[in-house]
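A.B. asks: Spelled out from the first residue to the last, the chains are:
There are 2 protein chains.
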Amino acid sequence: MANVAKTVSWSGREQTEDEGEITPLLNGTSNAGDQPHRPCLSPNFFPIGRLRTVDLGEHNQEQETELTTTFTKEIPHNENLLSLKYESLDYDNSENQLFMEEERRINHATFRTVEVTRWVICGMIGIFTGLIACFIDIMVENLAGLKYQVIKDNIDRFTERGGLSFSLLLWVALNSAFVMVGSLLVAYIEPVAAGSGIPQIKCFLNGVKIPHVVRLKTLVIKVFGVILSVSGGLAVGKEGPMIHSGAVVAAGISQGRSTSLKRDFKIFEYFRRDTEKRDFVSAGAAAGVSAAFGAPVGGVLFSLEEGASFWNQLLTWRIFFASMISTFTLNFFLSIYNQKPGDLSNPGLINFGRFDTDENSYKYFELPIFILMGAIGGILGALFNALNHCLTTFRIRYIHRRFLQVIEAMLVTGVTATVAFVMIYYSTDCQPLREEAIDYPLQLFCADGQYNAMASAFFTTPEKSVRRLFHDPPGSFNPQTLGLFTLVYFFLACWTYGLTVSAGVFIPSLLLGAAWGRLVGILLTVVPNGVSWADPGKYALMGAAAQLGGIVRMTLSLTVIMVEATGNVTYGFPIMLVLITAKIVGDYFVEGLYDLHIKLQSVPFLGWEAPVTSHSLTAREVMSVPVVYLRRREKVGIIVDVLSETSSNHNGFPVVENTVDGSQPSRLCGLILRSQLIVLLKHKVFVERENLSLIYRQLKLKDFRDAYPRFPPIQSIHVSQDERECQMDLSEFMNPTPYTVPQEASLPRVFKLFRALGLRHLVVVDSHNRVAGLVTRKDLARYRIGKNGLEELDLAQT
Amino acid sequence: MANVAKTVSWSGREQTEDEGEITPLLNGTSNAGDQPHRPCLSPNFFPIGRLRTVDLGEHNQEQETELTTTFTKEIPHNENLLSLKYESLDYDNSENQLFMEEERRINHATFRTVEVTRWVICGMIGIFTGLIACFIDIMVENLAGLKYQVIKDNIDRFTERGGLSFSLLLWVALNSAFVMVGSLLVAYIEPVAAGSGIPQIKCFLNGVKIPHVVRLKTLVIKVFGVILSVSGGLAVGKEGPMIHSGAVVAAGISQGRSTSLKRDFKIFEYFRRDTEKRDFVSAGAAAGVSAAFGAPVGGVLFSLEEGASFWNQLLTWRIFFASMISTFTLNFFLSIYNQKPGDLSNPGLINFGRFDTDENSYKYFELPIFILMGAIGGILGALFNALNHCLTTFRIRYIHRRFLQVIEAMLVTGVTATVAFVMIYYSTDCQPLREEAIDYPLQLFCADGQYNAMASAFFTTPEKSVRRLFHDPPGSFNPQTLGLFTLVYFFLACWTYGLTVSAGVFIPSLLLGAAWGRLVGILLTVVPNGVSWADPGKYALMGAAAQLGGIVRMTLSLTVIMVEATGNVTYGFPIMLVLITAKIVGDYFVEGLYDLHIKLQSVPFLGWEAPVTSHSLTAREVMSVPVVYLRRREKVGIIVDVLSETSSNHNGFPVVENTVDGSQPSRLCGLILRSQLIVLLKHKVFVERENLSLIYRQLKLKDFRDAYPRFPPIQSIHVSQDERECQMDLSEFMNPTPYTVPQEASLPRVFKLFRALGLRHLVVVDSHNRVAGLVTRKDLARYRIGKNGLEELDLAQT
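Which chain is which? The protein sequence lines are A and B, in order. Here the numbering used here is used: the first residue of the first sequence is 1, the next is one more, and so on. Here the numbering used here is used: the first residue of the second sequence is 1, the next is one more, and so on.
If you're looking for bench data, these hints aren't it; they were derived computationally from the structure. It is possible that some hints are incorrect.
As the list claims (entries may be wrong) - Derived lysine-lysine pairs resembling DSBU-like cross-links, with alpha carbons at most 35 Å apart:
{"#": "1", "chain 1": "A", "residue 1": "Lys702", "chain 2": "B", "residue 2": "Lys787"}
{"#": "2", "chain 1": "B", "residue 1": "Lys340", "chain 2": "A", "residue 2": "Lys363"}
{"#": "3", "chain 1": "B", "residue 1": "Lys85", "chain 2": "B", "residue 2": "Lys217"}
{"#": "4", "chain 1": "B", "residue 1": "Lys635", "chain 2": "B", "residue 2": "Lys700"}
As the list claims (entries may be wrong) - Short, incomplete list of chain A residues facing chain B, as computed with Cβ under 7 Å:
{"#": "5", "residue": "Glu103"}
{"#": "6", "residue": "His108"}
{"#": "7", "residue": "Phe111"}
{"#": "8", "residue": "Val297"}
{"#": "9", "residue": "Leu556"}
{"#": "10", "residue": "Trp608"}
{"#": "11", "residue": "Val612"}
{"#": "12", "residue": "Glu744"}
{"#": "13", "residue": "Ala745"}
{"#": "14", "residue": "Ser767"}
Keep in mind the model is a prediction, meaning the values are calculated, not measured. Backbone N, C-alpha and C define an ideal beta-carbon position, used for all residues, glycine too.
Generate coordinates for the entire structure from the input sequences, incorporating the hints supplied.
C.D. replies: Listed below in structure tokens is the structure:
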């Protein structure tokens, strides 16, 4: 450790380097003051032991690159990789002089205005989210209604005179057409709109920036994609995507502008930073849940469970407000649309319908049955997740061309329709038509006045099937029908999740669970003869909870969502039991679906706590070294070179004191972000040697905010050779008080600080307050509990 | 600032000090290495500018002092004071070598055992809390039943032949007897058991250690106190105290021992630290809410809203489990007691009864009415709080003797009974007896087959009155009865809260609100003739929510509690609206009741965020200086003197590096707690000059845990003159990586770190990592937004 790096110039032309003998200069105290410190060291010259030694944490420029349209091609299929392409959000305000000056100007009255504005924004988030939900609902109802009517007429015509294969063709063709359009939109215009978006929002709230995820374009594609895929008869729901939609609405409204539309309304400029944006996105996600399930409290809990690390009462209350407004808006407009204004019976996209509690209340001895159902749900959920995991890996490897994705989506659509048709065709489960109108009763080969029961599960939107399974009187479904339906639908739903269409997995899970739950209920009435308490609807509800819990593994929030969607709290306790069992059983086998997908995309997702056995690691072992740092007063040329160097792609740089003679070790005095440097370069905030001041007074916080969040790349900024010789004084723009940890701090300690405060960069210092390294999200996310104890993931550029 | 402190010896005998010229030595960089640093400086010798400069943050020994029995005498009545007598809990583990060695020994399997143990403990917390609730309920029912039966018989007898004043006397005497015993218990045995305990639990979860608050003795007094005060007919409820009871149960069980009973079960030793204890106390409080209201989700939210700063999914799920078990246990045993096993209709101590939703669902145009009711609730709540605030100030000043407190409680009891009697006596509101039996219908002067309606509100436990107001059919109460009842009960309840009895304010608030809410409902049916939608029960519910919200100002958790207690979610939306309005309106006038009481006790309570206008303050201005610090290898005599010095009463001491020649400034290398030093001294972990090692190997983490939480005072430890000359090596016991902030960090930044991580001591360092000061809870809590912007509270020893 006595080797000393020679002077390395950043111009990239005149490197004179004693290769192979380079020491990580800043590592520890062993290099105390015996060499001239240079601000930047080319990482290329360091021995690459592990990948981590050249890992510089956060990758790439802060502007969103346009790589993501080819997104699916590049997903590493090795689960032990951690991708470097994801950037972090920064929930720690850069408290530089500009920021502090603004904050100090804020008196109590101004603050009140800001606070009221936040409430107004939350109200708007609620209203728009509710309106979007309303739009989706009405569109789906009309499109799907039209489709089913056409097919039903066709089937009715051909049932008598034979030739039902034409009907099948028509069905397949119509569905494929819908899905094709939906899939084309997603695959070619905005791939990030695929799926439910819940994993993406989870990541966002966790602090990972997924490119494009909160853009207006994504929202538009998502909304139309959902309408088309649900209308196209896939085994999907429109509820999950509402959460994503709400989040986009929130991100859009709170920033007061749309970069896609190139409109800046010049409002809400105060909120143009990650901290505020995250809070609003939480509110948006909650509003989405609320509109999807009519569950405002569940929405709040979802946001907190998935995102919040720090619980703030005022924030929670605002989130709740947004949720409330969202469900109310949906309810209000849907009741008008349904021509029952003031009815208020449509709080969410899915409504489980009213369970008549007096009759159906449960008994003690049913609790073990419910627990058993929870276990079944856990096992089935784990199976679902494991299968989908294999499928997704396959997709990542082989189906990464866009047209293949579209074709796969159409294939699944065709198979779904065909399977449904065949099952309806061969079903002999005829039920008498009752008063409550079934929307599209298919008579087929049943006697007059009867309808095909299988069709009532397959030949309608999944939401309606769920409600029918919950509420149709005992005897509406044959056990055989339910069993067959469960089996087939399980594989269909599993195949469907992960297709390149916008769609959610909530409703298929509920439907699946409701089917086998109802089956359990029926079996209970049949096997011990004449049991009165085993209402099939109740068991359908428990099955639905078990299956959904087994797949997504949400906990408190899902309980509340189910209770709110059910409309009464009587079943709260059994639902909790079911969910807790499903989670424990499911977690024994495999993770939740969303977590699996997050892992498959190698996202640096931070859990709630550091891995339990990680106490033996310290910041020294975890941190990225060597770290590129800058001096308080730095040459412009060096800054440009640091930013241009692609291998040194941290987004934050510690700033150290300039020393008079260069012989003293340099102490940490701040932290500056790549984005801030870019704005500084763009505005030419340079200081000539003779002319030390004045110029940079003109730069305002507004300049930084205007550039947020898509900062220009360094390549777009021209710096002349003369300018390169200028100096730049970073004092005013750097964060002078970054959080630091000593090198000896244990990983759990570092993790706790990082996670609780939502940091992006955490500077590791030695006992003399000199920069020793930098901890970023990836350095922490790469430790994971595996089968053999603590595992270390590799980092990959893909 | 060029003055230099001369050498100060801590023996206390040979101080040679240049008085009046002492500089806060460690303040900033101005003292760089130009004087010999001494570890400890007597604060007596520093100029006392503001009180803060000698404030040494946390006061007194860590063991709980026995001062608190005289608690009520000493409460300062100046609201601009912050008491120094409260200590902080430390939610940051001291990661010293012993701790790290233990943690490193924990492999995945051991961790799983620990995790399972946590679940088992939560289950036990739920069971015991449920059992306590069950016990309270049954006792109250029997005692109150007996009392009401005796009085009813007496009244019935005397109604005919005159002489009802005997009945009044009997009533007053019986009630006073109950309350006297309850009040004596509280006043003379455990004053901290007074009231609902919710403010105390709020403080505990916030990180403030209120003496005696989670002791077994407190629990016993609380339980019997509640039974007696409710049976004694005061305007109180038994729900609030359940929260406190649950918290005590949790603290007791999780520690696996009772210091009061001197029993150590030698289990759960791993959990003997503040971090773990806090988590279990959260679960206990949630279990208490759950048992009180049958609201498991509401309980979880209560705990989170009041306590958690860091949301952890696993923890939340455990809290939920405890809540669930608690309400289930209560339900199970109460249904057996009520001889309807399996009925499951008693999830909580109060049950609002089933609202039949189909009939009573609300209409759009009722929402503005509800909002108006919320505003009324906010105003009435603010009035209630303001009156109670004056009353409490009066009590603090004048009623601080125990016998006066008992007499006041009896006086209130007598007045309550008398007022009730007079109102019943003069009431002419006779209602026909219906099928549903009223427990103790008083006929008085009504015709046969009728009963006195005023008596049905006054002559029963408040819980039953609430249910009657919610569910009795329209016409059961006269508007005059309700109006008069509201007026009288308002003042009675306000007078009652704060008496030296164990009792809660939830039920009186609900009753009050239900009364005026029902009145609003009746007026709505009367004024616009023949309105069908204005069901009085619905309006009673909204009034109850409004009034309770206006008084306690809880937000999300209260909404969920109300919804869960109501048993269906239909009224969720209007309840939210009502609560949000009540909070906004109420906050405009005065704070919530609990917050007022916390303030009146000068507790250093930390809000969610730093005051909004505090960006201009930095750590340098906020921190305590000078701070007493120790050297890594320190003389035993100095340590004893530091601990004995009452004016230097911090509970944590920064540890600095020993320097060879004493001329170099000393760098921070750790933090050691007073409690740790005391254990070290007690075990004589000394190092002779010649014999540097070996001895302290024998000290285990267990020794520290056994002493937790009541560490002996320093006075009880004898250190001989020879031992004073020994050295003590703190390296192994200090926390080597305490969190630090630079002096320039803004107050909000310091606050955020402190609050999010639940710290107790935060070391402020200069740019050379030298100790500059120490920030404790009091340094942060003393800044508050007042009428004129940022206010600074004074610190007081009382």
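A.B. asks: Hints first: check each against the structure and report whether it holds.
C.D. replies: Hints, verified against the model:
1. A/Lys702 <-> B/Lys787: The hint holds at about 31 Å.
2. B/Lys340 <-> A/Lys363: OK: B/Lys340 and A/Lys363 at ~12 Å, within 35 Å.
3. B/Lys85 <-> B/Lys217: holds (21 Å)
4. B/Lys635 <-> B/Lys700: Measuring from Cα to Cα gives roughly 22 Å; hence the hint holds.
5. Glu103: holds (4 Å)
6. His108: This interface hint holds because 6 Å falls under the 7 Å limit.
7. Phe111: holds (4 Å)
8. Val297: holds (6 Å)
9. Leu556: Holds, because the Cβ-Cβ distance from A/Leu556 to chain B comes to roughly 5 Å (cut-off 7 Å).
10. Trp608: Holds: closest Cβ of chain B sits about 5 Å from A/Trp608, inside 7 Å.
11. Val612: holds (4 Å)
12. Glu744: With a closest approach of 5 Å, the A/Glu744 hint holds.
13. Ala745: holds (4 Å)
14. Ser767: holds (5 Å)
Violated hints for the displayed structure: none, as all numbered hints are satisfied.
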